[in-house]
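Letter by letter, the chains look like this.
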Amino acid sequence: MTIDLPFIWIAFKEIIKALPITLILTIVPLLVGFLIGIIVALVRIYKTRFVYQAANGYVSFFRGTPIIMHIMVIYYGIPLLVDQVASKFNLNIQSSKIPIILFVLTALSLAAGAYLSEIIRSGIISVSTGQLESAYSVGMTKIQAMFRIVLPQALAQSVPNFTNIFIGFLHTSSIAFLVSEKELTGAANIVASTNLKFLEAFIAAGIIYWGLTIIVEGISFLLEKRVTSYSRGGVS
Amino acid sequence: MIILKDIKKSFNKSQVLRGINLKINRGEVVTILGPSGSGKTTLLRCLNFLERPEAGIVQIGNIQVNAKNATKKDMLSVRKQSAMVFQHYNLFAHKTVIENVMEGLVVVKKVKKREARIESEKVLEKVGLSDKLHFYPSQLSGGQQQRVGIARALALNPEVILFDEPTSALDPELVGEVLSVIKEIAQDGITMVVVTHEMSFAKEVSDRVLFMDGGVIVEEGTPLEIFHAPKEERTRRFLHRISGESFFTALKEQVN
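Going down the list, the protein sequences come from chains A and B. Be aware that the first sequence starts at 7, since it is given in the numbering used here, and climbs by one per residue. Be aware that the second sequence starts at 2, since it is given in the numbering used here, and climbs by one per residue.
Derived from the structure by calculation, the hints contain no laboratory data. A hint or two may mislead.
[What the hints assert, rightly or not] Think about it this way: if two alpha-carbon atoms lie no more than 30 Å apart in a straight line, the pair counts; the simulated DSS-like pairs of lysine-lysine are:
1. B:9 x A:53
2. B:113 x A:148
3. B:73 x A:148
4. B:14 x A:231
5. B:133 x B:73
6. B:114 x B:6
7. A:231 x A:148
8. A:53 x B:74
9. A:148 x B:114
10. A:103 x B:133
11. B:73 x A:53
12. A:148 x B:69
13. B:204 x A:148
14. B:6 x B:204
15. B:24 x A:231
16. B:96 x A:53
17. A:148 x B:232
18. A:231 x B:6
19. B:69 x A:53
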């Protein structure tokens, strides 16, 4: 077997058409997960009654099981549930009409929420309690102090961790090809098997992933410099 | 006016405050002295409910709260009557000097941003930081940071400013600039309660000095009474211990 170098470029052009799907599968779960993460982190920090145990269980489960399993369970489980409910209440909903991408987005969002909540929680804890006390001493409420003083610093300090998660989820989105979602890896698989050029197709996909990661790292570097400028000391 | 009635507080079963009664008049400057562990910082923190006393009554201005059944709202309204200057400054790290001072005005007192800015600039000028408005705390020396802390408290125009060892974390050569700012605002007639280890400062600035030990106020009086004619043995011993050094320098001066 020889390697067909020019075909890498042909494959590249074909595979990159799937880039929007990969970006959707990365960005949407992270945005939804960010909201879940903030809420879960606050619940766990304030030990809010009734929901505290649920939040602990959620984080423990989703961080303790592989993401591929979340996708599979939701992909096979939700349709079953939907059909059961629909037949029971005579609703005119068919699970087969639900686009597959919704299952994948749900699974990835729940996983992202669990991972992000831990990042946000550690960010919140890292802000000195002294600042919280001084916020209270000027008469701020708990919510004002959290959202105006603590969270902005917690999130700024977490940028490197967010980047890690972003890159992780960019690559994790490739699992979606198992449920025949045509993102980068899925597209590479199709190109590979129709042309019987597996090595070339996956090299092309790898180049795309690597390029994306380099871009993300660059953006993160600039963002980090900007949002943590306050802590750098020295005279500006 | 501040009134404390029978304030009690303990941490893990060890009683830190054993029933403190205190009345502070408007415009009075009160300093609290005492060995470490005597409860002076805890007393200060009970005044604005950063620590919640188990029992007793706290009154600042015309807000009176019984510690036993104080609600969140009660504690908030007491805090709005007071402001605090911390040993470790505790400035908001992500906000500039002027934003630090404006924050309480805008968020708590609901002052319009433009007015808050004018007011904050005025206060910052008073503490000598007009040229540092847009610096972040991390770009300032300890003394400058503490002056921002004082400005932040002053801007709120509270009934009382609580100082928790405001110079204890500073390099010796920076202590002076902070003390002189505090002295200046003391002369403006603002009610102040100061926990400090700076004896000469306490002597100079206070209307009244309290000596605390073992969770009670052992003795109180004018600076003259406390420093030159302490009645209690515990006070005498403490002052002797702490001023050992200055006695020594006085002796040296005599020798020379």
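We went through each hint and held it up to the structure:
Using a Cα cut-off of 30 Å, the hinted pair residue 9 (chain B) and residue 53 (chain A) holds, with the two alpha carbons roughly 27 Å apart. With a CA separation close to 22 Å, the supplied pair residue 113 (chain B) and residue 148 (chain A) stays within the 30 Å bound. For the suggested pair residue 73 (chain B) and residue 148 (chain A), the alpha carbons sit about 10 Å apart, so the restraint of at most 30 Å is met. For the hint linking residue 14 (chain B) to residue 231 (chain A), the alpha-carbon distance of about 47 Å lies beyond 30 Å, and the restraint is violated.
For the hint pairing residue 133 (chain B) with residue 73 (chain B), the CA-to-CA distance comes to about 36 Å; that exceeds 30 Å, so the pair is violated. A C-alpha spacing of about 39 Å is found between residue 114 (chain B) and residue 6 (chain B), which places the hinted pair above 30 Å, so the restraint is violated. Annotation: proposed proximity of residue 231 (chain A) to residue 148 (chain A) holds, straight-line Cα distance about 29 Å (limit 30 Å). Among the hinted pairs, residue 53 (chain A) with residue 74 (chain B) is consistent with the structure: their alpha-carbon atoms are about 20 Å apart, no more than 30 Å.
Only pairs whose Cα atoms come within 30 Å are accepted, and residue 148 (chain A) paired with residue 114 (chain B) is accepted, the gap being roughly 22 Å. With a C-alpha separation of about 62 Å, the suggested pairing of residue 103 (chain A) with residue 133 (chain B) is violated against the 30 Å cut-off. Only pairs whose Cα atoms come within 30 Å are accepted, and residue 73 (chain B) paired with residue 53 (chain A) is accepted, the gap being roughly 17 Å. Annotation: proposed proximity of residue 148 (chain A) to residue 69 (chain B) holds, straight-line Cα distance about 21 Å (limit 30 Å).
Between residue 204 (chain B) and residue 148 (chain A) the alpha-carbon distance is near 38 Å, which puts this suggested pair outside the 30 Å criterion. For the proposed pair residue 6 (chain B) and residue 204 (chain B), the alpha carbon gap of about 26 Å is at most 30 Å, so the pair holds. Between residue 24 (chain B) and residue 231 (chain A), the direct Cα distance comes to roughly 51 Å. Violation of the 30 Å bound is thereby established for this hinted pair. Restraint check for residue 96 (chain B) and residue 53 (chain A): satisfied, since their Cα atoms lie roughly 29 Å apart, inside the 30 Å limit.
Among the hinted pairs, residue 148 (chain A) with residue 232 (chain B) is inconsistent with the structure: their alpha-carbon atoms are about 45 Å apart, more than 30 Å. Restraint check: the Cα-Cα separation between residue 231 (chain A) and residue 6 (chain B) comes to about 52 Å, which exceeds 30 Å; the hinted pair is violated. The hinted pair formed by residue 69 (chain B) and residue 53 (chain A) meets the criterion: a straight-line CA distance of about 23 Å does not exceed 30 Å.
Violated hints, listed in ascending order, are 4, 5, 6, 10, 13, 15, 17, 18; each of the other numbered hints is respected by the structure.
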